[in-house]
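> Letter by letter, the chains look like this.
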Amino acid sequence: MSSVTTDTPLAPAVRGSRGLSLWIGALVVLILIGLGVWIYQLSQGLQITHMRDNVIWGLYIISFMFFVGLSAGGLIVASAGRLFDVKQFTPIVRLAVVEATVCIATAALLIIPDLGNPQRILNLFIHAHWLSPMIWDVTVILIYLVLSLLYLWLYTRRDLAERGSWMALGTKDTSDGARAHDHHLTYILAWIALPAAVLVHSITAWIFGLQISRGFWYSAIMPPLFISSALVSGLALVTILALVVRRTGRVSFGDDLTTFLGGLLAVFLAVEAFLMLSEVLAGYYPGIPTDAVHQLFSGRYAPGFAIEIVVGIVIPFVLLAVAAWRRRPQVVVVASVLALIGIFVHRANLIVIGLGKDPIALPPGTPLGTPLANGSSFAPSSVYFPSIWEFLIVLGIVALCALLFTLAVRYLPLKEKTPV
Amino acid sequence: MNTSYVGIDVPDPAIQKATRLGMVVDQNKCIGCWTCAVACKQQQNVGIGLYWLRVLTVGGDAMDTPAGTFPALTMSYQSTNCFHCDNPPCVKACPTQATFKMDNGIVNVDYDRCIGCRYCMVACPYDNRVFNWRTPVQEPPADVAVVGETPARPKGVVEKCTFCVQRTTDGLLPRCVVACPTGARVFGDLDDPNSEVSVLLRERPSYVVFPERGTEPSLHYLIRTGPNAEGGAF
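Chains A and B, in that order, are what the protein sequence lines are. Residue numbering for the first sequence follows our numbering, starting at 1 and increasing by one per position. Residue numbering for the second sequence follows our numbering, starting at 1 and increasing by one per position.
So that you can see chain B by itself, here it is in the shape it has in the complex (with noise of 0.2 Å):
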């Protein structure tokens, strides 16, 4: 059963037949308000203290506060979920193969098969897994917050960012791509040169984070302009 939002929840065949699904944040866009995140967590049912998806201050001391010195303060904000990068040290460093690629790009995880060893996590560059150091706490409970399909997580496994796999598999966008208020989160097939994502990184300047690590991130970030302009958290 999906939560649908009429007239946006529409499915489209474009991600279902997708060969390499990406993610672009438009850092022009993005605001801070952690409405993604939150949505992440409604949407994939995640335990208290862990989150898929999180919000990056940029350059101050502590959250919500700016870079730089008075009166030369800067504020901006990085979200930042699994890169589903395209070649995964984390799907390298799976002992068990709980954790693989699948035709699509998306990196998954399979929550049955997995041992726990935290391998995956030494592994990845970004920080972006989780692991369940208790079994997983909800609050509000699991059955009144909007869940979506997500297998139940028992404690001992990692998780994270699916790129909301049973969504994406019905042709649906992942629900902080629908979430986000400024719509600074787009999302579709990078193999596609039609698609929104592959058109607008074409047309403005971009970046993934740690290219030099050689993992090919599937979610690029547009560099942001103006008088503000600085670079990212990372």
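If we strip away everything but chain A, and leave its shape as in the complex, we get (with noise of 0.2 Å):
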């Protein structure tokens, strides 16, 4: 691996070794505890999750939705930033596909867990159902996975190809007019590519948002407000990792960009309020008190409403609408924080609420689907937290993505060697 020094001024990196095997072995153990979890969820079968038949999804779903959002709102800030020639983007542009690309991965395999026959997986080609938007999900984010890692490669492949990395793929010309060509083509790609994450996403909203069943759900704003997530979130997560990676020298760029990205997030911060008090005003101006958008003010739902909305969307908001605050950098990585917790904890209540508020107001005599400890099978409301098996099985999955981006980030040439 002695090609990969060539480019970077690698000292930071270089002293950090000890650090980075530490971390990598980290990372190794908990995807080892979670794929020990997940063969005694296999054995077990999904009765050791808290999920039950009044709540049927739980947090392999949410995880689920969100590294979906947080990859489409790389792919859509890095593909916006190529077609509408945003130059600021240009030092983090690879580092933006990278993320996008190590997210999807992530997002396919948090469904593996929640299906009660994962052995079974090929029938969704075999017996595909084209009228499931589940369908129109699977393919999708498999066409989306491929797209991303081709975008990466072109991005890359004259990089790698100096260096005589293997994953050039037969990529030998290195000139600058090959460069230029390639530029040419990553501009070409970004015109599939927007529409294809604009689209990945939607599609996941549409999972939800098509189902008459769950009034929570229903609703022609999921795909907008789905959209809206992921480029908080994945504005707020290319933002945190440029400035991790920034330390080790593999990228740089001066603090003016994340003064730009703040602003940015900023704008986001305000188009997703503005979606969210469309869809709740709407809910409940007509004042239908059995509606569960009531209980996100006042009910059982209040308290993950306001994590929601204060901490995720007003507080970073103001710390970035404030151009002195913004052009700090810590300020700026606080509040991309806040806002990934805020983007999680809304889409943790989109499903607990949408799931939990029963379509038919949980009668005296729903059953759960086994026993609780007194015996009885029968639950008088719904409430759902994952249990802790639920909890290591995404970590581990998590310590997978966060593996592949590490090695990413060590292997693949981050800066960006634009031809004049």
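Everything labelled a hint here was simulated from the structure, so no lab data went into it. Being a predicted model, the structure only gives us computed values, none of them experimental. Any given hint could be a false lead.
[Stated by the list, open to error] Listed below are the simulated SDA-like cross-link pairs for lysine to any residue, each with C-alpha atoms no more than 25 Å apart in a straight line:
(1) Lys101/B <-> Ser387/A
(2) Lys155/B <-> Gly215/A
(3) Lys155/B <-> Ile48/A
(4) Lys92/B <-> Gly215/A
(5) Lys101/B <-> Asp112/B
(6) Lys155/B <-> Leu122/A
Using the supplied hints, reconstruct the complex from the two chains, each of which is provided in its own coordinate frame.
Printed below as a string of structure tokens:
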């Protein structure tokens, strides 16, 4: 792997190589734990989770949505920047594509532990039912994964060829002319990647938004809301990762970029707030007390909703709206972390409220799927909090995501060498 | 092998020829005894904690409690199972065609194909589908219970009422219909104007649950009349 060190001043990374080994070691341990718990889940069935017949989907699907969003947001930012020639993005555009690629692979993996019979997963292709939004999603995610890998390869192959890396996959020409050619190809691919990224998250939204049985979800605003959540969380994660990776010297940019990203994040947060307001107001105004929207303000969902709005939107927006604060990278990072937490809680609320608010308002006599400790099989109401096993499996998959990202940063040339 | 009730389990060719099997539940006759639910569990060998058919208490705070405040109390029940909709959202949602509509109107599940994603449960507006969160546990064990020829279900698949597909294919009534001590459950071909269900629906006021969602259920409730008349559990 001596070829790695050719183009970057690696001093900080070399100094940190012991830390890197520890980090990778820790991730591998988490991955192995997750794998072990998944095998345990395979033997026991999904009863080891806290999902039941009243809250059918849980942490796995919440995390799935979250990671599709992270990926779509990253790729939308990267490809829109390329399409509209936003020069500020150039130093981090490869990093954003790496983030998009790794996160979509993670999202695809997160579906597997949610399945009751993962060994039958090929039925999705053998017996595909094209009326099901889930089949649309499987298809678009696979296409999107290939597309982002291709995009990443186009961005890096000349530099990889220069290093003599096998990952150049046969590319030899490293001349300026060849680079200019690739630069043009990335522009063409951006035309495909941008709509694909929008589509991948819209279709994920339609899995929920097309179901008339779930009043909390059945809304035309779902795709736009999902896209805005994706933009917020994707940009927030790219910003955090860019600042972390900058410390290793593998990307370099000035603080003016974080200021720019912070300003953009503030705009995305405002759009998110606007769409949320539209949706909540439309649900609240008719004044139907049984509507789940009413529980957002005073019912049992109020704390989660408060985190979503205050921690996830208001505080980061204020931090980023003040120009003087936005100039400090630390503030932008804090705002980004808060925005990420907010979007995750938003997605958790969406699932738990959407499912927990039963379509038939839980009349006495609704079975849970397994007996309770008191011997009864009937639930008076729906509550859901993930079990330790669910957390460990998700943690293992997220650790795999972090490992892939770490390796990509370590072995891929992330610095843009655009021909003048 | 069918466990037959002498004099009751007589094959009816009309059921075999049906194009839209449906059920009518007479809310005047239901006494909330759960016999249908227990018969269903035996016939279909449904695991502990799962119910293909369940009896909802109308209005009360808990099971078997009356609705209203003293002295104006009413007590009533509503049994519910898969509605075998004519426009079934679960069939549309299933990504692998494991849930499908048969020519006689029954919505069935292929337990060998289901991947266990539970999207059909999300799509069902009536909570009438159940999931095997574990390998199904039977008590008494399957070989002791009165068992039909329902295929065994592994863990991780969705299951639900099939209108006793193995009996109705032979022209027999679903077990819940046979078991109901008050005759509240009536079964037949909704497309046949002379069937008992069609006649009841013509002669008595009835309703389906959530008609505005366009699912067109094949299970109808005859509205409860008399001094204790009131709405259903839905």
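> Take the hints in turn and mark each one as holding or not.
Evaluated hints:
Among the hinted pairs, Lys101/B with Ser387/A is inconsistent with the structure: their alpha-carbon atoms are about 36 Å apart, more than 25 Å. Of the supplied pair hints, the one linking Lys155/B and Gly215/A is violated, its CA atoms being roughly 30 Å apart against a limit of 25 Å. The suggested pairing of Lys155/B with Ile48/A holds, with an alpha-carbon distance near 12 Å, which does not exceed 25 Å. Between Lys92/B and Gly215/A the alpha-carbon distance is near 18 Å, which keeps this suggested pair within the 25 Å criterion.
A hinted pair counts as satisfied when its Cα atoms are at most 25 Å apart, and Lys101/B with Asp112/B qualifies at roughly 16 Å. Between Lys155/B and Leu122/A the alpha-carbon distance is near 18 Å, which keeps this suggested pair within the 25 Å criterion.
Checked against the numbered hints given earlier, this structure breaks hints 1, 2; the rest are met.
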